[in-house]
Amino acid sequence: MSAVPGTLAVTLRDLERRFGDFVAVNRISLDVRQGEIFGFLGPNGAGKSTTIRMLCGLLEPSGGQGTVAGLDIRTQREEIKRSIGYMSQKFSLYDDLTVEENIDFFSGIYRVPKEKKAERKAWVLDMAHLQEHRRTRTGLLPGGWKQRLSLGCALLHEPRVLFLDEPTSGVDPLSRRSFWDLIYQMASEGVTVFVTTHYMEEAEYCDRLALIYRGELVALGTPGEMKGGLMADQVLRVACDRSHEALGVAATVAGVRDAALFGRDIHLMTEDAEALAPRLRRSLEEGGFQVGAVERITPSLEDVFVSLIEARDRADGAQKEFKA
Amino acid sequence: MLERLYHMLVKEFIQVLRNPRMRAVLFVVPVAQTIIIGYAVNTDVRHVPMAVYDLDRTPATRDLIARFEGSGCFDVVRRIASEPEIQKVLDSGEAKAVLRLNRGFAEALSGGGSAQAQFLLDGSDSNTASVALSYASRISADFNRSLLEQRFARTAGVRLDAEPVALASRAWFNANLDSRNYFVPGVLAMLVAVLSIILSSMSIVREREVGTMEQIMVTPIGRLEFILGKTIPFAAIGFVDVALIALISVFWFRVPMLGFPPVLFLGTGLYLLSTLGVGLFISTVSSTQQQAMMTAFFFMLPAFMLSGFVYPIANMPKIVQLLTYLNPLRYYLVIIRGVFLKGLGLEVLWPQMLALTALGTIMLLLAAGRFRKTMG
Ligand SMILES: Nc1ncnc2c1ncn2[C@@H]1O[C@H](COP(=O)(O)OP(=O)(O)OP(=O)(O)O)[C@@H](O)[C@H]1O
Ligand SMILES: [Mg+2]
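Residue numbers (our numbering), protein chains in the order written: chain S, 54 to 377; chain W, 27 to 402.
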């Protein structure tokens, strides 16, 4: 990674956070470049929010280092707070204030200069399409609108780095799309966006991704890199009736490392798809299933993540057995 | 600093005052409670229902009964005809007292001996019972005295000087007004404490529960700005309530306002400083609103009991007396009664003012110190 100082918006070095004995974030190291849309992916409880909170100065790290906009996350928390925007996972504007009152409050707290206040407010109202609803109680807005307002309030003071923790969770696909348009717009203006998500299609929108699982960094790279090189396994797609039952049979066939349902199809992870295909067809047909297409496919991001996480689980399992 | 504080204040005022229900709780309820409690608090014992078991039925017994009735303290609600009935009327609560006059009462009197009367009391309400008992003693003492006078007049022609009983009787019968004057300012202190402690103890923890705290903590707002932003609006509301209740006390209940009202307001300001300090401290150490509510409650209960409002501090064990020095209510009660009823000014009340200032500052600083801009 090109480590020219000033071009890295966020750096993490062995960053760690424990809650008692539990390690929520386990020595994560990575860099985010200026102006990049950086996706932070992981299943529930992986440690995404914990990491973001440490970066925003909301949680003290238990170990390791980190910088945001060149500022130390241990010693310069208050400085960091002036130069970042943050949208927490839970909606956190004041429901009992109107749209306008929320904007005024946050621009006051961020000390947006007087002469810029009106302009920033108009910008947020435009951006969030809330011009007509400026006097509406925020709590009454639909989810997607609230998220846009949250984003707007996080951007009032024109931060250089933006942290978004699952900004589109619980929002309909259309609103999600338009929210991402806003993220692109920010990035094109040079804002670094650090975003966590559950949605695979959103992961595809990111410039680079980190996959974390159980507090550990599992993979790091562009979506393309992830789909191309990261996976040792090949993916075999099997179309078959009663796929739910067939899944159990398929998983036992020799050479199948992993089996998962994708819609009505079964996806199998294997080292050698060509060799497996005929064997698999035979096994399933012997089991009385109607087998359609059996073909090797390029893995989707979801395949990659499932495969990486399963691999991690297997490794952990083996380690545990070894220890026992 | 000032700009952020200003925006905090605007936000807090909107949040507190926008909800009509909240407005009612803050301004209508205290007024209504003052009025209701003002009428209800009356520690004077009057019209105690009394039953009479008169076995003698002579002019002498009728005279004594008439004295009981005439005192205004007792109402004869029933005449009892048999022994077991005594138990019954007391158990059922129909009467709180029973006067039993034995056969031969008049005879004993005229014979110059000592006549036996029995006065039975329902002691379950010890306060009423002890007051009623002292009334009864006074009435019988009066009765004795007039008998003695008659007897002396008859036998020796000497006039007995009146005993100094008359002095005591004045205190009893004037008490009606006194107790209200004494209680209504105390009610003011209590209502303001309840309001300010509950409001402030919920305030920070509510933001934590709702999630808005996380957003606030990631802004560059200062701890003191935040804490002051939470204190000032509640203090302002507290002042309005004190003013309302004071006006009702003076103009409705005719509680005398002998002192200089600004002294009362200075005392109120310092008092609010300490109650809000306590509330905010509770809010910073609680993780849910429910927890904060419980903690506030467990603070307030002993604070009321050990303030001198209910029981005199002088009657408490030494250790508990020392504890009351930490109770802001204790000082405010002295200030408020001093200003209302005794016309005291700063020259007398300064130690209380000083104590409240110290308590308030310490609690607020503790709250600000406990308040962290980090989670977990
Ligand atoms: N304050 C805390 N005390 C104890 N454990 C915590 C605390 N905060 C988080 N954890 C634990 O740390 C782990 C990671 O939590 P985190 O919120 O970072 O996950 P996440 O990746 O954001 O998950 P999600 O998708 O559910 O938001 C979880 O197991 C969680 O229970
Ligand atoms: Mg999370």
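The hints are simulated quantities; they were obtained by calculation from the structure and are not laboratory data.
Backbone N, C-alpha and C fix where the C-beta goes; we use that ideal spot for every residue, glycine too.
The reader is advised that the hints may include incorrect statements.
Non-contacting residues of chain S with respect to chain W, defined by C-beta distances greater than 10 Å in every case (computed) [claimed, not checked]: (1) Asp74; (2) Leu111; (3) Ser141; (4) Leu150; (5) Glu154; (6) Asp157; (7) Phe159; (8) Lys169; (9) Val271; (10) Asp286.
Listed next, with one range per pair, are the computed distances between beta-carbon atoms [unchecked claim]: (11) W:Phe323 x S:Leu227: 47 to 53 Å; (12) S:Lys143 x W:Gly395: 42 to 48 Å; (13) S:Gln238 x W:Val236: 26 to 32 Å; (14) W:Leu380 x S:Lys143: 16 to 22 Å.
Hints versus structure:
1. Asp74: Fine: 15 Å to the nearest Cβ keeps Asp74 (chain S) off the interface.
2. Leu111: The claim breaks: Leu111 (chain S) does not keep its Cβ more than 10 Å from every Cβ of chain W (closest is about 5 Å).
3. Ser141: 5 Å, violated
4. Leu150: Leu150 (chain S) is in fact no farther than 10 Å from some Cβ atom of chain W, at 6 Å.
5. Glu154: 6 Å, violated
6. Asp157: 7 Å, violated
7. Phe159: 7 Å, violated
8. Lys169: 14 Å, holds
9. Val271: 24 Å, holds
10. Asp286: For Asp286 (chain S), whose nearest Cβ neighbour in chain W is about 38 Å away, the distance exceeds 10 Å, so it holds.
11. W:Phe323 x S:Leu227: 47 to 53 Å: Holds - the Cβ-Cβ distance for Phe323 (chain W) and Leu227 (chain S), about 48 Å, lies within 47 to 53 Å.
12. S:Lys143 x W:Gly395: 42 to 48 Å: For Lys143 (chain S) and Gly395 (chain W) the Cβ distance comes to about 27 Å; the hint is violated.
13. S:Gln238 x W:Val236: 26 to 32 Å: 30 Å, holds
14. W:Leu380 x S:Lys143: 16 to 22 Å: Check failed, 45 Å falls outside 16 to 22 Å.
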